[in-house]
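Visitor: Protein chains in written order, with our numbering: chain A, 1 to 344; chain B, 1 to 344.
Source of the hints: derived by calculation from the structure; they are not laboratory data.
Just so you know, these numbers come straight off a predicted model, no measurement behind them.
Among the hints, a few may not be true.
[To be verified] Derived pair list, reagent style SDA-like, types lysine to any residue, alpha-carbon separation capped at 25 Å:
1) A:K245 x B:D304
2) A:K246 x B:G293
3) B:K246 x B:P267
4) B:K255 x A:Q266
5) B:K246 x A:M288
6) B:K306 x B:G293
7) B:K255 x A:P267
8) A:K245 x B:T14
9) A:K245 x B:F273
10) A:K246 x B:P267
11) B:K246 x A:T298
12) B:K246 x A:D295
13) B:K246 x A:R292
14) B:K246 x A:L137
15) B:K245 x B:D160
16) A:K245 x A:M288
[What the hints assert, rightly or not] Calculated from the model, a selection of chain A residues having no Cβ within reach of chain B, i.e. all distances over 12 Å:
17) E27
18) P38
19) E46
20) N54
21) P106
22) L219
Just so it is clear, CB atoms sit at the ideal spot from N, CA and C, and this is done for glycine as well.
2 protein chains.
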Amino acid sequence: MDPILIIDCHGHYTTAPDAHNLWRVSEVAAFNAGEPFPAYPVISDEEIIDTIENNQLRLQRERRADMTIFSPRASAMEHHVGDEHVSVAWARACNDLIARVVTLFPDNFVGVCQLPQSPGVPVERALAELERCVNELGFVGLNLNPDPSGGWWQGPPLTDVSWYPMYEKMVELDVPAMIHVSASCNPNFHATGAYYINADTTAFMQLLQGDLFSDFPDLRLIIPHGGGAVPYHWGRYRGLADMLKKPPLAQHLMKNVFFDTCVYHQPGIDLLFEVIDLDNILFGSEMMGAVRGIDPETGHYFDDTKRYVDALGLTSAKSEQVYSGNARRVFPRLHDVLNDRGSK
Amino acid sequence: MDPILIIDCHGHYTTAPDAHNLWRVSEVAAFNAGEPFPAYPVISDEEIIDTIENNQLRLQRERRADMTIFSPRASAMEHHVGDEHVSVAWARACNDLIARVVTLFPDNFVGVCQLPQSPGVPVERALAELERCVNELGFVGLNLNPDPSGGWWQGPPLTDVSWYPMYEKMVELDVPAMIHVSASCNPNFHATGAYYINADTTAFMQLLQGDLFSDFPDLRLIIPHGGGAVPYHWGRYRGLADMLKKPPLAQHLMKNVFFDTCVYHQPGIDLLFEVIDLDNILFGSEMMGAVRGIDPETGHYFDDTKRYVDALGLTSAKSEQVYSGNARRVFPRLHDVLNDRGSK
Chain A
1 MDPILIIDCH
11 GHYTTAPDAH
21 NLWRVSEVAA
31 FNAGEPFPAY
41 PVISDEEIID
51 TIENNQLRLQ
61 RERRADMTIF
71 SPRASAMEHH
81 VGDEHVSVAW
91 ARACNDLIAR
101 VVTLFPDNFV
111 GVCQLPQSPG
121 VPVERALAEL
131 ERCVNELGFV
141 GLNLNPDPSG
151 GWWQGPPLTD
161 VSWYPMYEKM
171 VELDVPAMIH
181 VSASCNPNFH
191 ATGAYYINAD
201 TTAFMQLLQG
211 DLFSDFPDLR
221 LIIPHGGGAV
231 PYHWGRYRGL
241 ADMLKKPPLA
251 QHLMKNVFFD
261 TCVYHQPGID
271 LLFEVIDLDN
281 ILFGSEMMGA
291 VRGIDPETGH
301 YFDDTKRYVD
311 ALGLTSAKSE
321 QVYSGNARRV
331 FPRLHDVLND
341 RGSK
Chain B
1 MDPILIIDCH
11 GHYTTAPDAH
21 NLWRVSEVAA
31 FNAGEPFPAY
41 PVISDEEIID
51 TIENNQLRLQ
61 RERRADMTIF
71 SPRASAMEHH
81 VGDEHVSVAW
91 ARACNDLIAR
101 VVTLFPDNFV
111 GVCQLPQSPG
121 VPVERALAEL
131 ERCVNELGFV
141 GLNLNPDPSG
151 GWWQGPPLTD
161 VSWYPMYEKM
171 VELDVPAMIH
181 VSASCNPNFH
191 ATGAYYINAD
201 TTAFMQLLQG
211 DLFSDFPDLR
221 LIIPHGGGAV
231 PYHWGRYRGL
241 ADMLKKPPLA
251 QHLMKNVFFD
261 TCVYHQPGID
271 LLFEVIDLDN
281 ILFGSEMMGA
291 VRGIDPETGH
301 YFDDTKRYVD
311 ALGLTSAKSE
321 QVYSGNARRV
331 FPRLHDVLND
341 RGSK
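Throw the hints in and build the complete structure from the sequences for me.
Guide: What follows is the structure, given as structure tokens:
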């Protein structure tokens, strides 16, 4: 066994039982027909166990990770579909399902919630579900969609005060958000090949232009997929901070912004670790997610990001930081869960 | 002097005379007032010489580059402003100004044109200006805006057949396009910090999803800013090509797609050259452009990309390829110009 606790900060329940996905179809159909939402189906523990053991848990074991910070399938959040009521019922169903996974596999998964965002609806309306997930279901964080319009980018930037009630609640609950869009309705943007990566880059630049962390010094945001284009263009962002008369990025953003390691080849991971301070990198794989195949150049799964991180040859202390120390710091409620359990 | 001809494939006339920029203001004002466009002002050779000698030419000399493939200021193309007639008159004015720069400094600049694109207007309508620029002004390429809506991404992807008349004309004229958006009207996207980079990533993924180069095997597209996020996420794109049942990227895209070196720090350039075949990389600096300051970590300008490329320690043959050989291959009309001149 690996002596270091390995926490994957970025996993989605992309293998949820069919009944759950079919309920979503019927929910949307009911909305379109102006009818009440159908009753949520009975899903047995066995069905859930089956979908997890044969997928995420199998990969966790094969790749020797210990725990996944687990959230509903990002592309299925679909905040652009239906209205606020559709989003509320769907978020609740998805989060309850995550809670069941966590209850069934408490050593292997911890929950992060989907919010019931909806285009044009004040973000305040999503606070109740966040509180329910954190206070009642024991979740440790949330996924915040910076573009609930699904690829049309019609809402305000993340630094706009209309988002502030969410940030206030996050600080109060001491939970971080991963900034994560959902499916793209815009034919210009392939979801996992363009929209996700663009959203990461966009979010970082919005934060760079603003002064959000002056207002919320304790707010913590994770930008997934290795920070989008940001580490590759780190010189550009350092230069833009200077041109925009902002403090250096280390002060301006990097006490509050974190990147995961969802970069699917060795040179990308090498660059990430060369450019970004180790304090700001959280191990993540996005499994089972965007890219599920095997890299013919290596013979290993593209998304087996632990191989790339291991290949860096970090010291034990630095490995511990990337694999779990940083996650425990960014997700204090996870740290508490682990401490209560007497984990490493 | 450097023994290799150094061609910068990505320079914009960001320092155009005030009279030119003021004409644009009055053109848009006239459009809004429903009045005829004003006459274009008289701009003396001296004014043009002044703006070039103190800026781009000075930097060319300081950085020991020989020639810049020069196009109108990208952020000022503003295809979303006004209507087709506004775009036609503005593109013509901008291209004529580039032609004057090239006439005044034929050893140092060669022209690439801005197209009179306009949202919703068929791209065929831009062909006449492209032909004028190539056949009458001696330009060697064009900038193609994949999002004339200015950050709202309301048109079709680059693989849509509605773009085909442009590709047919490009093949006929044997000119490549740089895929380059203009200013962003969407408050979510900072122009040089998010919109440009996102557009690069988006364009590449559109090409990956499609089969454009089956229809146009001789078409050549340059994706600027080091290919956006693409080289950093090269494993993701290789994996997505596999998932989408496309050929490997080397066959599917990389006979036709090229990246420039507008990446403003050494680790980014290192990654670009590690991941992308040397045949597909064209030296570029985007000067004077997005980031004009000096990097406090190096004491040199962020956009002095030649320093980063030189630091790679390429062989002379490989340097020649990146600094001019690839540009001569991708821009055959530039190659002809240089050959006529008996250049290196």
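Visitor: Hint by hint, say whether it matches the structure.
Guide: Verification of the hints:
1. About 21 Å separates the Cα atoms of A:K245 and B:D304, which keeps this hinted pair within 25 Å; it holds.
2. With a C-alpha separation of about 13 Å, the suggested pair A:K246 and B:G293 falls inside the 25 Å cut-off, and the hint holds.
3. For the suggested pair B:K246 and B:P267, the alpha carbons sit about 30 Å apart, so the restraint of at most 25 Å is broken.
4. For the suggested pair B:K255 and A:Q266, the alpha carbons sit about 24 Å apart, so the restraint of at most 25 Å is met.
5. Of the pairs offered as hints, the one joining B:K246 and A:M288 holds, with about 21 Å between alpha carbons and a cut-off of 25 Å not exceeded.
6. For the suggested pair B:K306 and B:G293, the alpha carbons sit about 16 Å apart, so the restraint of at most 25 Å is met.
7. Using a Cα cut-off of 25 Å, the hinted pair B:K255 and A:P267 holds, with the two alpha carbons roughly 22 Å apart.
8. Distance restraint check for A:K245 and B:T14: the Cα-Cα separation of roughly 21 Å lies within the 25 Å cut-off, and the hinted pair is therefore satisfied.
9. Between A:K245 and B:F273 the CA atoms are separated by roughly 32 Å; this puts the pair beyond 25 Å, and the hint is violated.
10. For the suggested pair A:K246 and B:P267, the alpha carbons sit about 23 Å apart, so the restraint of at most 25 Å is met.
11. At most 25 Å may separate the alpha-carbon atoms for a hinted pair to count; B:K246 and A:T298 meet this at roughly 19 Å.
12. Under the criterion of a C-alpha separation no larger than 25 Å, the hint pairing B:K246 with A:D295 is consistent with the structure, at around 14 Å.
13. Between B:K246 and A:R292, the direct Cα distance comes to roughly 15 Å. Compliance with the 25 Å bound is thereby established for this hinted pair.
14. As the CA atoms of B:K246 and A:L137 are separated by approximately 43 Å, the hinted pair breaks the 25 Å bound.
15. A C-alpha spacing of about 19 Å is found between B:K245 and B:D160, which places the hinted pair at or below 25 Å, so the restraint holds.
16. For a cut-off of 25 Å, the pair hint linking A:K245 to A:M288 is broken: about 41 Å separates their Cα positions.
17. The non-interface label for A:E27 is consistent with chain B: the shortest C-beta to C-beta separation is roughly 28 Å, beyond 12 Å.
18. Every CB of chain B is more than 12 Å from the CB of A:P38 (nearest about 33 Å), matching its label as outside the interface.
19. A cut-off of 12 Å between C-beta atoms confirms that A:E46 is not in contact with chain B; the least separation is 30 Å.
20. The beta carbon of A:N54 sits about 20 Å from the closest Cβ of chain B, which is more than 12 Å, so the claim that it is off the interface holds.
21. Every beta carbon of chain B lies more than 12 Å from that of A:P106, the smallest distance being close to 32 Å; the non-interface claim holds.
22. The Cβ of A:L219 sits about 19 Å from the closest Cβ of chain B, beyond the 12 Å cut-off, so the non-interface label holds.
Of the numbered hints stated above, those contradicted by the structure are hints 3, 9, 14 and 16, listed in ascending order.
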